[in-house]
Amino acid sequence: MAQTQVTIPFRESEGPQAKHAPARLKFYVDVKRCIECGGCEVACKNENNVPEGIARIRVVTVNEGEAGESNVAVPCMHCSKAPCVAVCPVDALYHREDGIVQVNKETCIGCGYCLYACPFGAPQFPKSSPFGARGVMDKCTYCAGGPEEPFSDRERRLYGSNRIAEGKLPMCASVCSTKALVAGDGEEVANVVRQRMAARGSGGGGWAWGTAYPESK
Amino acid sequence: MEPIILWQTKWSYSLHVPLYLFFGGLTSGIFLAAVVADLLERKWQGAALVSKVSSYSAIVTLALAGFFLTAHLGKPERGLAFPLFFTNYDSWMTRGGWIVGAGTLLVLLYAALWYRGGAAWVRRLVGLVGLPVLLMLAVYTGLLLSRGTFVPLWSSKYLPVLFLNSGVTTGLAASGLVGLVALWFRGPQPQTAHSVVRWISMAVGLFILLELFEIYNFMTYLAGSGQHAPTGQFLAPKGGAHVYQYVTRGALAPWFWWGVIGLGLTAPLLLTLVEFLLDWRARPLRWRNVLFTAPKFALVLLGGILLRCIIVWGGDLSAPLDFPPSVWPIPPASGG
Chain A
12 MAQTQVTIPF RESEGPQAKH APARLKFYVD VKRCIECGGC EVACKNENNV PEGIARIRVV
72 TVNEGEAGES NVAVPCMHCS KAPCVAVCPV DALYHREDGI VQVNKETCIG CGYCLYACPF
132 GAPQFPKSSP FGARGVMDKC TYCAGGPEEP FSDRERRLYG SNRIAEGKLP MCASVCSTKA
192 LVAGDGEEVA NVVRQRMAAR GSGGGGWAWG TAYPESK
Chain B
6 MEPIILWQTK WSYSLHVPLY LFFGGLTSGI FLAAVVADLL ERKWQGAALV SKVSSYSAIV
66 TLALAGFFLT AHLGKPERGL AFPLFFTNYD SWMTRGGWIV GAGTLLVLLY AALWYRGGAA
126 WVRRLVGLVG LPVLLMLAVY TGLLLSRGTF VPLWSSKYLP VLFLNSGVTT GLAASGLVGL
186 VALWFRGPQP QTAHSVVRWI SMAVGLFILL ELFEIYNFMT YLAGSGQHAP TGQFLAPKGG
246 AHVYQYVTRG ALAPWFWWGV IGLGLTAPLL LTLVEFLLDW RARPLRWRNV LFTAPKFALV
306 LLGGILLRCI IVWGGDLSAP LDFPPSVWPI PPASGG
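As given, the protein sequences belong to chains A and B, one line each in that order.
The opening position of the first sequence corresponds to residue 12 in our numbering, with each subsequent residue numbered one higher.
The opening position of the second sequence corresponds to residue 6 in our numbering, with each subsequent residue numbered one higher.
Heads up, some of the hints might be wrong.
Stated by the list, open to error - With a cut-off of at most 27 Å between alpha-carbon atoms, the simulated DSS-like pairs for lysine-lysine come out as follows:
1) A:116 <-> A:56
2) A:92 <-> A:190
3) B:162 <-> A:92
4) B:80 <-> A:56
5) A:56 <-> A:179
6) A:179 <-> A:92
7) B:80 <-> A:116
8) A:190 <-> A:179
9) A:116 <-> A:92
It is worth saying that the hints were derived from the structure and are not from the lab.
Isolated chain A, as found in the complex (with noise of 0.2 Å):
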């Protein structure tokens, strides 16, 4: 089996001044090895407290029951020219230097222009009232918290867990039993992929890279 384990969330292969530079943080979802299993639905609702009927992550079956059926993990991709950042009128959503797609719940007004432009349906909002969704926006915070204090309760509860900033990765990455969910520094995780591909002689299954990340060369 080709190398998964990709722990590394900042550069270290640029010298010592590079050390603290941030990486450039990815997910790469692998349709070959999802076997819809939940577990990370399951962990990120754990790890980060998610609201009912929010889903930072989920898990969707394409062409069910029919011929070349599969299932991928959607969460939050954190692309590169993000379209949420682009339409959202506030700048409630931002881009951190390591790449990661934050949300500012203080900034947000909770208008939903974010979800209709996201091309994975990221991001999330609470259904309260029969008059409409209340609050602001939710989503994957590639378990990095969000722009309060780290580990303060107050990032704890409007955001979650901050495993990022403990030099872990994403809970969803982590306890996915198949590695088809792998988060990193992009280039270690496209060392995987392509270590997967050369095993497999084909075509890869990376979903979305190309969508979410569309200015690799």
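On the provided structure of chain A, position chain B as indicated by the hints.
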């Protein structure tokens, strides 16, 4: 391949967004009717009255648009303070916020000038200055949706024009309706006073034909090419075809065929034919307007609401995921 609805249904969960888009476009059309009637005041008796009541109506419809816009937000208080919070000028929502803001001031000013009386040229100047801003409001409602580039139905090519046309059609119908009511309550008027409503009705018929043509082109485009979202590597190679099925043969089909095409466009067109026939028989305009033109205007307004509902509801069908293994590329090493 199958269509997948990945989205939560935030905008189609309630009627707020369709009604906001409807009242936004409606205000544009009403303002257009008010300014044109104002400019033609000397030529048509009754045009001044239609312009005046239309200018007041625009305040009401814009207020309703603002209400539904604000009410759909998760945090309405932040939306109300949009000059402070809206900082991303690349977003059409930010631009739209300012268009609505500027449009509100111009609509209020124009109505105030009608209310206070005074120099007509000042009022007309304000109307002409406000016209492009208000028409942009209708166009913007289409542009707002078309930034959802992975939603096949929200075409940047067709929606702005369609919403502009629909805004003008519904706005003219609303102006005609309030004009008709105003004329009625003024008691018996000379035949010429009612002729302004007659002309508005004819214009509505013309714009209905244009709208039907645009919808036909839009649906043909969706059914045929469907290449709306080529940016997604595995997304929506036939998204347009799926949403065409969804709108014309799927869950939205009754609303589309019976609502928009039937009640909203075809029935008013048939009533226009009846109007022509009655013209030929030279019936009194006053009663003809009440019996046929008023229901026609009401149907046009209903069609405008349903059109927005279908467009927004159809947005729930996102670009379908597709998995052609033969085209899966090897991700590059650089990581971007």
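Evaluation of the provided hints:
no., hint, result
1, A:116 <-> A:56, "holds (18 Å)"
2, A:92 <-> A:190, "holds (26 Å)"
3, B:162 <-> A:92, "holds (22 Å)"
4, B:80 <-> A:56, "holds (24 Å)"
5, A:56 <-> A:179, "holds (17 Å)"
6, A:179 <-> A:92, "holds (25 Å)"
7, B:80 <-> A:116, "holds (10 Å)"
8, A:190 <-> A:179, "holds (16 Å)"
9, A:116 <-> A:92, "holds (21 Å)"
Comparing the model with each numbered hint stated earlier shows that all of them hold.
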